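A.B. asks: Given the sequences, and given the hints that come with them, work out the whole structure.
Order-wise, the sequence lines are chains A and B.
Note that the working numbering has the first sequence beginning at 8, numbered continuously upward.
Note that the working numbering has the second sequence beginning at 3, numbered continuously upward.
Derived from the structure by calculation, the hints contain no laboratory data.
A quick note: this is a predicted structure, and the numbers were derived from the prediction, not measured.
We put the CB at the ideal spot given by N, CA and C, even for glycine.
Be careful, since some hints might not be right.
To be verified - Distance windows between CB atoms, simulated:
#1 G22/A <-> N12/B: 32 to 38 Å
#2 S86/B <-> A35/A: 32 to 38 Å
#3 D60/A <-> R46/B: 30 to 36 Å
#4 T79/A <-> A5/B: 15 to 21 Å
#5 T22/B <-> A110/A: 38 to 44 Å
#6 Y52/B <-> Q52/A: 39 to 45 Å
What the hints assert, rightly or not - Below, simulated DSS-like cross-link-like pairs (lysine-lysine); rule was C-alpha separation at most 30 Å, straight line:
#7 K59/B <-> K10/A
#8 K112/B <-> K20/B
#9 K112/B <-> K67/B
#10 K13/B <-> K112/B
#11 K10/A <-> K112/B
#12 K59/B <-> K13/B
#13 K67/B <-> K10/A
#14 K20/B <-> K67/B
#15 K20/B <-> K59/B
To be verified - Partial list, derived from the structure: chain A residues whose beta carbon lies under 10 Å from chain B:
#16 Y41
#17 H48
#18 Q56
#19 V92
#20 L106
#21 A110
#22 G111
#23 I115
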Amino acid sequence: LAKTTQPPSMEAYEGQEVNVSCSHTNIATSEYIYWYRQVPHQGPQFIIQGYKDYVVNEVASLFISADRKLSTLSLPWVSLRDAAVYYCIVTGGSALGRLHFGAGTQLIVIP
Amino acid sequence: EAAVTQSPRNKVAVTGGKVTLSCNQTNNHNNMYWYRQDTGHGLRLIHYSYGAGSTEKGDIPDGYKASRPSQENFSLILELATPSQTSVYFCASGDRGQGDERLFFGHGTKLSVL
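C.D. replies: Written out as structure tokens, the structure reads:
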């Protein structure tokens with residue numbers, strides 16, 4: 008499983024766009040990139056996934072560098088309810104469905 | 003919306019006692035997982051299952067057993083609970099498929115072992 012590195016915390020004001028980066032320098036060709044978020048007293052919630060280039064859904068967008076070693080989760084117009092821990096996970100192939108969660112990035116939203 | 007339900011939501015147990023945490027999913031997913039979450043450790047995989055009757059060890063299986071009697075149900079069993087097993091436990095379900103390793107999590111069970 009490829010290891011991921013994220014900043015431990017970030018701050019943003021309400022209404023700002025937030026970009027959370029994730030480094031996965033040892034990502035394998037069989038692996039995909041997933042982002043989850045977790046608010047207190049709840050389980051993690053899937054946000055978005057991608058393999059290469061750019062992916063967008065109703066919640067967020069995901070940019071993946073050409074060499075796939077870096078990905079950036081973009082949250083447009085953050086609100087207080089976006090305050091959470093964001094996890095970047097890389098998995099696939101021989102991982103057999105196991106996801107390894109690291110420490111994540113704590114997003115602090117300032118009113 | 004995929005649904006994973008854990009019970010109980012909160013549990014207080016005594017050291018040496020037996021604890022069973024239950025998980026039910028209505029997603030018809032093949033795979034189910036048990037994690038624990040402690041401050042400073044993120045989520046750690048305890049046991050997982052590929053289907054009814056199967057259980058596999060995760061990264062921290064010591065002191066835990068798992069049971070998957072049906073597609074829908076996956077239990078985590080602490081035969082002899084210890085204070086070090088005080089934690090928040092999350093169950094998840096998902097379907098293994100290349101490019102789709104999404105997991106759906108329950109709300110968690112807070113276990114305190116005194």
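A.B. asks: All hints, please: hold or fail.
C.D. replies: Hints and how they fare:
Evaluation of the 32 to 38 Å hint for G22/A and N12/B yields a pass: the beta carbon distance comes to about 37 Å. A hinted range of 32 to 38 Å holds for the C-beta pair S86/B and A35/A, which are about 34 Å apart. Restraint check, D60/A to R46/B: a C-beta distance of roughly 32 Å satisfies the suggested window 30 to 36 Å. For T79/A and A5/B, the Cβ-Cβ distance of about 31 Å falls outside the hinted range of 15 to 21 Å, so the restraint is violated.
One distance hint, 38 to 44 Å for the beta-carbon pair T22/B and A110/A, is violated here, with the actual separation near 30 Å. For Y52/B and Q52/A, the hinted distance range of 39 to 45 Å is not satisfied, since their beta carbons lie about 23 Å from each other. A hinted pair counts as satisfied when its Cα atoms are at most 30 Å apart, and K59/B with K10/A qualifies at roughly 20 Å. Distance restraint check for K112/B and K20/B: the Cα-Cα separation of roughly 15 Å lies within the 30 Å cut-off, and the hinted pair is therefore satisfied.
For a cut-off of 30 Å, the pair hint linking K112/B to K67/B stands: about 18 Å separates their Cα positions. Among the hinted pairs, K13/B with K112/B is consistent with the structure: their alpha-carbon atoms are about 6 Å apart, no more than 30 Å. About 28 Å separates the Cα atoms of K10/A and K112/B, which keeps this hinted pair within 30 Å; it holds. A hinted pair counts as satisfied when its Cα atoms are at most 30 Å apart, and K59/B with K13/B qualifies at roughly 24 Å.
About 28 Å separates the Cα atoms of K67/B and K10/A, which keeps this hinted pair within 30 Å; it holds. A C-alpha spacing of about 11 Å is found between K20/B and K67/B, which places the hinted pair at or below 30 Å, so the restraint holds. Between K20/B and K59/B the alpha-carbon distance is near 20 Å, which keeps this suggested pair within the 30 Å criterion. Using the Cβ-Cβ criterion of 10 Å, the hint placing Y41/A at the interface with chain B is satisfied: the shortest such distance is roughly 6 Å.
A least Cβ separation of about 7 Å between H48/A and chain B falls short of the 10 Å threshold, and the interface hint therefore holds. The criterion of a C-beta within 10 Å of any C-beta in chain B is met by Q56/A, whose closest approach is roughly 7 Å, and the hint holds. Annotation: interface hint on V92/A holds; nearest CB of chain B at approximately 9 Å, less than 10 Å. Interface hint at L106/A: satisfied, since its Cβ lies 6 Å from the closest Cβ of chain B, which is below the 10 Å cut-off.
Restraint check, A110/A versus chain B: the minimum CB separation of about 5 Å is within 10 Å; hint holds. Interface restraint check: G111/A against chain B, minimum CB-CB distance 7 Å, threshold 10 Å, status holds. Interface hint status for I115/A: violated, as the beta-carbon distance to the closest one in chain B is roughly 17 Å, over 10 Å.
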